Structure formats: structure tokens, C-alpha cells
Amino acid sequence: RERNNGYATLWFQAVNLYTEGDARTPDFIRDVHPFGKLPAFEDGSLHIFESRAICRYLVAKYASPDSVMPPPTKLEEIARFEQVASVESSYFDTSIFKIAYEKMFKQFFGLGEADTAEMRKSENDLKEVLDYYDRVLASQRYLTGSTVLMQIILQKVSLVDLFHLPWLHFLPRLGIEDEILSRKNVAVWCERLEQRATWCKVVQEIAS
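The numbers in full-length UniProt numbering rise by one with no breaks, and the one at position 143 of the sequence shown is 143.
I should point out that these hints are in silico values taken from the structure, not numbers from a laboratory.
Wrong hints could be hidden among the right ones.
Below are the BS3-like pairs computed for lysine-lysine, each with C-alpha atoms no more than 30 Å apart in a straight line [to be verified]: (1) Lys-61 x Lys-184; (2) Lys-127 x Lys-103; (3) Lys-106 x Lys-127; (4) Lys-103 x Lys-156; (5) Lys-74 x Lys-61; (6) Lys-184 x Lys-121; (7) Lys-98 x Lys-37; (8) Lys-184 x Lys-98; (9) Lys-74 x Lys-156; (10) Lys-201 x Lys-98; (11) Lys-127 x Lys-98; (12) Lys-61 x Lys-37; (13) Lys-201 x Lys-61; (14) Lys-74 x Lys-98; (15) Lys-127 x Lys-61; (16) Lys-121 x Lys-103; (17) Lys-127 x Lys-37; (18) Lys-106 x Lys-156; (19) Lys-184 x Lys-127; (20) Lys-103 x Lys-201; (21) Lys-184 x Lys-201; (22) Lys-106 x Lys-61; (23) Lys-121 x Lys-106; (24) Lys-184 x Lys-156; (25) Lys-156 x Lys-127; (26) Lys-156 x Lys-121; (27) Lys-37 x Lys-201.
Small disclaimer: the values here were computed from a predicted structure and weren't measured.
Let the sequences and hints guide you as you build the complete structure.
Written out as C-alpha cells, the structure is:
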């Protein structure tokens, strides 16, 4: 759970469900993920899949006054949140995934050479998204803007900002980190996100 003054620890058990050949078995598709993917999540009798859905559920369950999702009574904040969430999922994530697929995953899985035309198109799509982000971030610290807490207007991080972190961390491996660095407002936003204590802990655990 993210907090402005730190974070609370949620204990969980990680289970390796994705050994070779398991993901397409009838049991896996029935019980874990209907499309044979990960992640999947179990909390008591609840079984859900898809990373964004899992994150939203956890934030909602362990909500606090400084939650990274807007409260249900703040309709304008919800609208801004959902707008940025749609941009992240439909444009940012999609364009970077296509670049990563052509540059790395395609050859790794023996699916042939990179399609340079598709890669160029996806890079242009990513530039368009980052240009939009740069304009938005020229006047605010985070993509969803401000929120009102106890009659005080705050500029605070949202779950949608945090959704960007895995791909932002991966950009140097794709050789396109200059797309971030060349946009001043995006670069500052990215640095701000990557310096969060919770994310630093994740990076340390990945490296260990």
C-alpha cells in the first residue's frame, strides 16, 4: 500500500504456476487464467487475473486517506484517473510492447526477424504518447493532476502513474531511453517515480 510518508507491508505468497507447458493445460485455463497467461491472484475465495485488476483490488481493499486511487465520491478525479488509465493501457503499454516484441521477444522465441516497419510505427506511436504526457506534466507533477484532501489541494501520485514503472525501467534495454530524456517534464516525472522507496525495493529484489 503506497503512502505519502512511506508504505505499509502486505504479506503474500508467490507461487510459480508457469513451468514449461503448464500454461495451456485445461486445469490452468479453467482455474488460473482463461488465456493461459500470468499474473493471477488469489485472496481467500477470490480468484482474479490481469495485473491492473489485481492492483486496483488491492488498493481498494487497503484504501487510506492518501490512497493512490480517487475515492468514489470524487467524480471529476475518477474521470481524470480513468482517462489516463485508458491512455496508459491503450497507447503507452501497447506501443512499448510492440517495440519490445520486435526488438527482443520475437527473436528470443524463434519467431523470425524484427519487422522494421512495424517497429518504426510503434516508435512513432510511443513518441506521440510521450509528447502528450510532456504537455500534461508541464503544469502538474503527476498524470492525474490534483486532489483535494482536508480542503488542501495536493499533487500526488496515482496508481496509473505507477502502472508505467515496469516499462520505464525496461526502456534502456530497448535502447529508447532518449525518448524519455529528451522530454524534460517526462524525464522529471520518470525520475520522481523511480525514486519512490517502494519501487527501489522492487528493483533491489529483482537484482538480488
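Verification of the supplied hints:
1. For the hint linking Lys-61 to Lys-184, the alpha-carbon distance of about 36 Å lies beyond 30 Å, and the restraint is violated.
2. At most 30 Å may separate the alpha-carbon atoms for a hinted pair to count; Lys-127 and Lys-103 meet this at roughly 17 Å.
3. The suggested pairing of Lys-106 with Lys-127 holds, with an alpha-carbon distance near 22 Å, which does not exceed 30 Å.
4. Among the hinted pairs, Lys-103 with Lys-156 is inconsistent with the structure: their alpha-carbon atoms are about 34 Å apart, more than 30 Å.
5. For the given pair, Lys-74 sits about 18 Å from Lys-61 by alpha-carbon distance, which is consistent with the 30 Å threshold.
6. A distance of roughly 23 Å separates the Cα atoms of Lys-184 and Lys-121; the hinted pair therefore holds under the 30 Å criterion.
7. For the suggested pair Lys-98 and Lys-37, the alpha carbons sit about 17 Å apart, so the restraint of at most 30 Å is met.
8. Between Lys-184 and Lys-98 the CA atoms are separated by roughly 25 Å; this keeps the pair inside 30 Å, and the hint holds.
9. For the hint pairing Lys-74 with Lys-156, the CA-to-CA distance comes to about 15 Å; that is within 30 Å, so the pair holds.
10. Note on Lys-201 and Lys-98: the hinted pairing holds, with a Cα-Cα distance of about 28 Å set against a maximum of 30 Å.
11. Annotation: proposed proximity of Lys-127 to Lys-98 holds, straight-line Cα distance about 13 Å (limit 30 Å).
12. A C-alpha spacing of about 24 Å is found between Lys-61 and Lys-37, which places the hinted pair at or below 30 Å, so the restraint holds.
13. A hinted pair counts as satisfied when its Cα atoms are at most 30 Å apart, and Lys-201 with Lys-61 qualifies at roughly 22 Å.
14. Among the hinted pairs, Lys-74 with Lys-98 is inconsistent with the structure: their alpha-carbon atoms are about 35 Å apart, more than 30 Å.
15. In summary, the hint linking Lys-127 to Lys-61 is not supported, as the alpha carbons are separated by about 35 Å, beyond the 30 Å threshold.
16. For the proposed pair Lys-121 and Lys-103, the alpha carbon gap of about 13 Å is at most 30 Å, so the pair holds.
17. With a C-alpha separation of about 28 Å, the suggested pair Lys-127 and Lys-37 falls inside the 30 Å cut-off, and the hint holds.
18. For the hint linking Lys-106 to Lys-156, the alpha-carbon distance of about 38 Å lies beyond 30 Å, and the restraint is violated.
19. Using a Cα cut-off of 30 Å, the hinted pair Lys-184 and Lys-127 holds, with the two alpha carbons roughly 14 Å apart.
20. Annotation: proposed proximity of Lys-103 to Lys-201 holds, straight-line Cα distance about 28 Å (limit 30 Å).
21. The suggested pairing of Lys-184 with Lys-201 holds, with an alpha-carbon distance near 26 Å, which does not exceed 30 Å.
22. At roughly 38 Å between alpha-carbon atoms, Lys-106 and Lys-61 are farther apart than 30 Å, so this suggested pair is violated.
23. For the hint linking Lys-121 to Lys-106, the alpha-carbon distance of about 17 Å falls within 30 Å, and the restraint holds.
24. The straight-line distance between the Cα atoms of Lys-184 and Lys-156 is roughly 19 Å, inside the 30 Å bound, and the hint therefore holds.
25. A C-alpha spacing of about 25 Å is found between Lys-156 and Lys-127, which places the hinted pair at or below 30 Å, so the restraint holds.
26. Distance check on the hinted pair: Lys-156 and Lys-121 sit about 33 Å apart at the alpha-carbon level, beyond 30 Å; violated.
27. Restraint check: the Cα-Cα separation between Lys-37 and Lys-201 comes to about 25 Å, which is no more than 30 Å; the hinted pair holds.
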